[in-house]
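Q: Take 5 as the starting number for the sequence shown in our numbering and just add one per residue.
The hints are simulated quantities; they were obtained by calculation from the structure and are not laboratory data. Do not rely on the hints blindly, as some may be mistaken.
Said to hold, decoys possible - Once the Cα atoms are required to be at most 20 Å apart in a straight line, the calculated EDC-like pairs of lysine to aspartate or glutamate come out as: (1) Lys105 - Asp78; (2) Lys105 - Glu64; (3) Lys148 - Glu101; (4) Lys133 - Glu123; (5) Lys71 - Glu46; (6) Lys75 - Glu123; (7) Lys133 - Asp153; (8) Lys113 - Asp78; (9) Lys113 - Glu123; (10) Lys133 - Glu64; (11) Lys113 - Glu36; (12) Lys75 - Asp114; (13) Lys75 - Glu36; (14) Lys71 - Asp89; (15) Lys83 - Glu109; (16) Lys62 - Asp114; (17) Lys62 - Glu46; (18) Lys83 - Glu36; (19) Lys132 - Asp53; (20) Lys133 - Glu163; (21) Lys132 - Glu46.
Said to hold, decoys possible - Simulated restraints, written as ranges between beta carbons of each label pair: (22) Asn149 - Thr103: 30 to 38 Å; (23) Asn61 - Ala150: 15 to 23 Å; (24) Gly84 - Asp116: 15 to 23 Å; (25) Thr117 - Leu58: 18 to 26 Å.
C-beta: ideal position from N, C-alpha, C; glycine also.
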Amino acid sequence: MKMRLLFAIPVLFVLLHSCTAEPLQDDTIIEEAQNNAFLEQEVLSIVNDHRVSLGLNKLEFSEIAYKYANKHTDYMIAKGSLSHDNFSARASSINSEVTVKMVAENVAKDYDTAMEAFEGWYRSASHKKTMEGEFSHTAVSVKKNAQGDFYYTQLFYQE
5 MKMRLLFAIP
15 VLFVLLHSCT
25 AEPLQDDTII
35 EEAQNNAFLE
45 QEVLSIVNDH
55 RVSLGLNKLE
65 FSEIAYKYAN
75 KHTDYMIAKG
85 SLSHDNFSAR
95 ASSINSEVTV
105 KMVAENVAKD
115 YDTAMEAFEG
125 WYRSASHKKT
135 MEGEFSHTAV
145 SVKKNAQGDF
155 YYTQLFYQE
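Start from the sequences, fold in the hints, and give me the full structure.
A: This is the structure in structure tokens:
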């Protein structure tokens, strides 16, 4: 019995110290890329035109959502890939600044035009559902990495 206990303690120690949890927030300093305001406005217009064609409301631009969309786009550029990493933290941060019922996001990469990004989202059932969802506000961040690839983050929320 004592032998098993003596063996179990080091094993437990190794297991506890080798497991790491994902941090709630990445403290890595991320360089801020330049926004492409033209593409951002184009995406917003195309999404709103699509929504109106379906009888849905136009989405209002949100500075709050824009701030968090920009941060996430910079994060994806630094990481070198698309992700929804830390989405819950973004949604909570938005909710801390404006009371929201729901938050959603679409991300994209490697589309040279706003229409290509929209069409990519439109062909995906989950992204299309987000674009056509019951939201009141949105913001789009479009930035280019050093290799010339565009990264897109569009955040949506319902007040």
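Q: Honestly, which of those hints from before does the structure not fit?
A: 1, 3, 6, 7, 16 and 23
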